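Build the complex from these two chains, which are given one at a time in their own frames, with help from the hints.
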Amino acid sequence: MSRNDYGIIGEFETADQLIAATRAARDTGYRRIEAFAPFPLLNVSRDLGCRTVIVPVIAATAAVVGGAITYFSEYWMNGIDYPLNVGGRPLNSWPAFIPATIIVSAIWLATAAFVTMLVKCRLPRLNHPVFVVPDFERASEDRFFLSVLAEDPAYEPRDVTALLEKHGAVAITRVELTG
Amino acid sequence: MGRPPKVQQTLMTMPAEAPARDIARIPLSPDFGWRWAASLIASVAMVFVLAYAVGLAVFVGVGVWGINVPFVWGFDLTNYVWWIGLANGCSLFAAILVLRRHSLRTAINRFAEGLALFAVVCAGVFPIIHLGRPWLFYWMFPYPAEFQVWPQFRSPLTWDFWAIITHLMVTTMLWYVGLIPDLATLRDRARSVAAKRVFAVFALGWRSSIRHWAFHQRAYRLVAIAVIPLVLVIQSTIAFEFAVTLVPDWHETRLPLHFIVSGLESGLALILFAAAALRTSLRLERYIDDEDMDLIGKLLLANALVSAYVYAGEIGVALFADDFAQTAALNRMLGDYASLYWGTIALSVIVPQVLWLRNVRLNDGLSLLVGLAVTAGIWLDRLSLVVAGIQRDYLPSMWRTYSPTAPEWYLFLGSIGLIAALFLLFVRYLPVISMSETRHDEHLESRS
Numbered sequence: 007m008s009r010n011d012y013g014i015i016g017e018f019e020t021a022d023q024l025i026a027a028t029r030a031a032r033d034t035g036y037r038r039i040e041a042f043a044p045f046p047l048l049n050v051s052r053d054l055g056c057r058t059v060i061v062p063v064i065a066a067t068a069a070v071v072g073g074a075i076t077y078f079s080e081y082w083m084n085g086i087d088y089p090l091n092v093g094g095r096p097l098n099s100w101p102a103f104i105p106a107t108i109i110v111s112a113i114w115l116a117t118a119a120f121v122t123m124l125v126k127c128r129l130p131r132l133n134h135p136v137f138v139v140p141d142f143e144r145a146s147e148d149r150f151f152l153s154v155l156a157e158d159p160a161y162e163p164r165d166v167t168a169l170l171e172k173h174g175a176v177a178i179t180r181v182e183l184t185g
Numbered sequence: 004m005g006r007p008p009k010v011q012q013t014l015m016t017m018p019a020e021a022p023a024r025d026i027a028r029i030p031l032s033p034d035f036g037w038r039w040a041a042s043l044i045a046s047v048a049m050v051f052v053l054a055y056a057v058g059l060a061v062f063v064g065v066g067v068w069g070i071n072v073p074f075v076w077g078f079d080l081t082n083y084v085w086w087i088g089l090a091n092g093c094s095l096f097a098a099i100l101v102l103r104r105h106s107l108r109t110a111i112n113r114f115a116e117g118l119a120l121f122a123v124v125c126a127g128v129f130p131i132i133h134l135g136r137p138w139l140f141y142w143m144f145p146y147p148a149e150f151q152v153w154p155q156f157r158s159p160l161t162w163d164f165w166a167i168i169t170h171l172m173v174t175t176m177l178w179y180v181g182l183i184p185d186l187a188t189l190r191d192r193a194r195s196v197a198a199k200r201v202f203a204v205f206a207l208g209w210r211s212s213i214r215h216w217a218f219h220q221r222a223y224r225l226v227a228i229a230v231i232p233l234v235l236v237i238q239s240t241i242a243f244e245f246a247v248t249l250v251p252d253w254h255e256t257r258l259p260l261h262f263i264v265s266g267l268e269s270g271l272a273l274i275l276f277a278a279a280a281l282r283t284s285l286r287l288e289r290y291i292d293d294e295d296m297d298l299i300g301k302l303l304l305a306n307a308l309v310s311a312y313v314y315a316g317e318i319g320v321a322l323f324a325d326d327f328a329q330t331a332a333l334n335r336m337l338g339d340y341a342s343l344y345w346g347t348i349a350l351s352v353i354v355p356q357v358l359w360l361r362n363v364r365l366n367d368g369l370s371l372l373v374g375l376a377v378t379a380g381i382w383l384d385r386l387s388l389v390v391a392g393i394q395r396d397y398l399p400s401m402w403r404t405y406s407p408t409a410p411e412w413y414l415f416l417g418s419i420g421l422i423a424a425l426f427l428l429f430v431r432y433l434p435v436i437s438m439s440e441t442r443h444d445e446h447l448e449s450r451s
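So the protein sequences, as listed, match chains A and B. Residue numbers for the first sequence follow our numbering, beginning at 7 and rising by one. Residue numbers for the second sequence follow our numbering, beginning at 4 and rising by one.
Isolated chain B, as found in the complex (with noise of 0.2 Å):
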């Protein structure tokens, strides 16, 4: 038997009206249950898988994949793709709520941040060692080489190099503005020494001034802005690097707008599925209410139809388009991995179905389960579109199937451990709910 988790009796027992503070209280406390211990062992087990077989891909070679000619891109475009639109959904929520000022924010916002953060980390592993040589990836970087030559701009693998630095630069920036008010109360309310040095540091200093509120303010908002066309261009330059190849599947002007939709989808179905998961462990139903899981779940739904009409527009370019291109399209629909694509629809389109209902968008546990399905969902697709897409091209002495191997699945599964063990970690140390935007809409509410 393992301790009793104090955080949740701490915060069971605490009145209603307890304001922002008991926030605080969740990364200040000295002892967190064991169901977290636990939950970090086991992500932090699969990230010592994830080393393995980056170590493998690096000192053994991309040989130990499954992947051979036509099928070049394999699982790790496929996870980079699926990530890389995980993080850009919940970065494009986020800085839309911070924009309109949404009452959405002070639930949602430190999260979907914090998640996009982390998905953007678990993103940048597959390009590197995709690359092969991941000891050179910095011949991307314009630095005035020995050889003399420089980047090939006009390629859409240096827009991406730009676009992963970018995405985590400005993703940190947005994260760490709206961090530093809280990190000042958690020095505040610090009860060890130790503790408050950290908090202080990562504070800067900040003292509540006003002055520094004002300036505070807008330049949590400017950052974003910058995220917003951010956002939408890197999932469209992701497009790109499919569309500008001469795959008959994949060269295709629709690509960006795919790209876009269901990364938004999967970006929502995250938030979701990790606002459903906080408020059953951590008990913060005051501050996610039933209102927000409500909004979230209308939302995805909404992204949801507008995915099935991308897809629906899908098959009608399909059946329009030229021989190749039609063959190349229907045979990922029907083919060999017709299961992928149809796993898509049913999982992107139809499961999110159920979010009409009032009583699964309020159910925790539902919720937990459609937001799961939907990020399964647009996983399969980029496997659909990433593997059934490029097995009818141009030669009919390449048509042959892919299929991934044991080392491939552990850098998959390595990524989510990943991703798990910073969120962990994150709501472990930091406030998961922002306190002073909290505080903020409680004085708002009092004076209406």
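Next up, chain A with everything else stripped away, as it sits in the complex (with noise of 0.2 Å):
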């Protein structure tokens, strides 16, 4: 394994075909595997071991802190910094800061949702590695891949070939760290 290898990766025609063959590599004990579907593949996300439960924990997190964010500020700037007496109604009118306390919320909700997601996927990223494998602009068309990363400690490029063709990769590549 060179210094500067990305890892080996395989292209398939099938959903099938990277789902038996993710599952193969999984099996023969590697970790360190990349898929790549034109679409979600819930199969092949439970066997790279994907986890994304962090996502609605921090959405819901956000939500509930930013809400209370909310409704305390307001109550803050009208009952406590600048005492608002409408009509002689109570300084912390709580029907009237909910609205403005849900609307509110729900930015935290879909923001944190949206960071989390960029976040956890390194996002935004324009350059990588896997980009220049040939024909990989059909992962986002009709075409699934798998690579193997080099950083696997069980990477043996000549296994991981086997591995592929054993699954019917109708190409195969080994990848470069780029820049």
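Worth flagging that the hints you see were computed from the coordinates, not collected in a lab. Do not take every clue at face value.
Unchecked claim - Chain B is nowhere near these chain A residues, computed Cβ spacing over 10 Å in every case:
(1) T34
(2) R95
(3) D158
(4) T179
(5) E182
(6) L183
Stated by the list, open to error - What follows is a list of derived Cβ distance ranges for each label pair:
(7) A:G94 - B:I353: 21 to 31 Å
(8) A:L132 - B:S32: 38 to 48 Å
(9) B:E445 - A:P163: 30 to 40 Å
(10) B:G316 - A:V70: 43 to 53 Å
(11) A:V176 - B:Y432: 29 to 39 Å
(12) B:P33 - A:E19: 29 to 39 Å
(13) B:L447 - A:R57: 21 to 31 Å
(14) A:N133 - B:L360: 24 to 34 Å
(15) B:H105 - A:R95: 36 to 46 Å
As the list claims (entries may be wrong) - Here chain B is said to cover these stretches of chain A; the calculated rule only asks that three of the stretch's residues, wherever they fall, bring their Cβ under 8 Å from a Cβ of chain B:
(16) 119 to 133
(17) 159 to 170
Only a predicted model underlies this, so the values are computations on that prediction, with no experimental measurement involved. Even for Gly, the Cβ is constructed at its ideal location relative to N, Cα and C.
See below:
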């Protein structure tokens, strides 16, 4: 394994081949696997051990925190810092503070979900070694790719190639790290 | 004679089994035909009319409008309430489809989300110029100001401020998150370097990794979850703007329900209109198929029946109300502006009844007309509520009539031009149907 080796990537024609190859690669003991498909494949993400539950947890926390910040800042501004007495209504007029609280917590929820997605996917990242793989532009169209990364402790180019070939890869490319 | 629309030709000669990839040909085609160009020129001309009307309101003042006490809301709030209802209806529908993973979503979601976003943009114009001194709109934002006062958070106007900003942000996110994989497809398929670069930047380097997909699906659904309470609260908040006043006809707890039901109905009607228009103009029958049109038609019909129930309930409430509220409500239904009220009933309750017929639901031309009729009907409802609702308040000395002036009409027509221009650009440069969802659906169908 050379220093600037990214890994080996195989191209498949069907989702079933990708599913089988991913499972075989995992069962062989590879841990640093990446799969690419033009649409979400639940089986494969499960096989890759992709846990996404952090996204809703962060989003829900953000919604609660954002709602609390909104509510208490409304209360602080209209009740403490500059008390506004409108027709003798209570300074903590909670029913009137609720609509903005709910509305603003939706921004927090959506933004947190979006940002967590970007962080967990390491996006935006416009350049990536796999982009030089011939035919890779079809990963967003009708082809499926599986790569075993060189940083995997069990990585051995010949074995990986054999495994990809066995599952019907139509093309196998050795990817180098760029830049 | 203009050049023939090439897109339509290529799409019509597509083999029937071609996968989702022909959707990408629409944004990537070098030429889009003279009809699109002519429509864009017409709508951009209307955007200039909007700019003129906004300029008048800013530099001359709102005195150019026909508003006067008690009619301080007039056309600007009518249009605002109408646009935000359209936006909320489209957003709610799109979000529910995302969460339900319904098969309709492949066909409808993308442009429903787009329409929602463009409608919010149109809606946002009105409350700002309605302020009279629009350059001071930032006073609504709680910032540590020189004069040390804060916005009054007990006022629905501040709720409204948050509602528009949030709606704009969350709808943009819903639309954009769904778009990312499709932008990557366009990046990979674009031939010109410039187009490739633009799509590459907006696709954020998406590389269709399964890991990306897993997080993407989670985030997309979470943003959709954020939309659902949001649109219901926003529609209610707008209703509260009326309901918290002391105007006899507005001071009603039934208003939030009325706004939610009629807002969703107008959103569905806009979606039906856009779906029929896209089918006929871009030959998208394979993606927005007969079954989809059938379902939207049925949903609109069901919603029209709920509207009928709400309108009937309104009459019931009016009959049992106190004298002032009863006079005001009956005046709205039978007074100077009775035509607005009955126009609403005719267009948004009676016209959709033709959707009982399957032939009508499957006919693009008729669906287009029904969609247009219902959106127009809901506009009349907003006008009826804003203008006729306030005509009989507690001060008989103020009982007069209101009619819009030319600049108010310019604003209204200009905002329609704005949404049309945005939608035409969207249709031209972005995929109107979600390609990744279509591929996913084709995959799942081939499985079953």
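Checklist entry - Should the hint that A:G94 and B:I353 are 21 to 31 Å apart at their CB atoms be regarded as holding? => result violated, 48 Å
Checklist entry - Does 29 to 39 Å hold as the CB distance between A:V176 and B:Y432, or does it fail? => result holds, 33 Å
Item to check | Cβ separation of B:P33 and A:E19, checked against the hinted range 29 to 39 Å | outcome: holds, 30 Å
Next on the checklist: Please verify that the nearest CB of chain B lies beyond 10 Å from A:L183's CB.
Outcome noted: holds, 15 Å
Next on the checklist: Beyond 10 Å on every Cβ pair: is that true for A:T179 relative to chain B?
Outcome noted: holds, 15 Å
Checklist entry - Taking the CB of B:G316 and the CB of A:V70, does the distance hold inside 43 to 53 Å? => result For A:V70 against B:G316, whose Cβ atoms are near 36 Å apart, the range 43 to 53 Å is violated.
Checklist entry - A:T34 clear of chain B by more than 10 Å, beta carbon to beta carbon? => result holds, 18 Å
Checklist entry - Is it true that the C-beta distance of A:L132 to B:S32 lies inside 38 to 48 Å, as the hint says? => result violated, 25 Å
Item to check | Beta-carbon spacing of B:E445 to A:P163 - inside the hinted bounds 30 to 40 Å or not | outcome: holds, 35 Å
Checklist entry - Does the Cβ pair B:H105, A:R95 satisfy 36 to 46 Å? => result holds, 45 Å
Next on the checklist: Does the beta carbon distance between A:N133 and B:L360 stay inside 24 to 34 Å, or does it fall outside?
Outcome noted: Since the Cβ atoms of A:N133 and B:L360 sit about 56 Å apart, the hinted range of 24 to 34 Å is violated.
Next on the checklist: Minimum C-beta separation from A:E182 to chain B exceeding 10 Å: can you confirm that?
Outcome noted: holds, 16 Å
Violated hints, listed in ascending order, are 2, 7, 8, 10, 14 and 17; each of the other numbered hints is respected by the structure.
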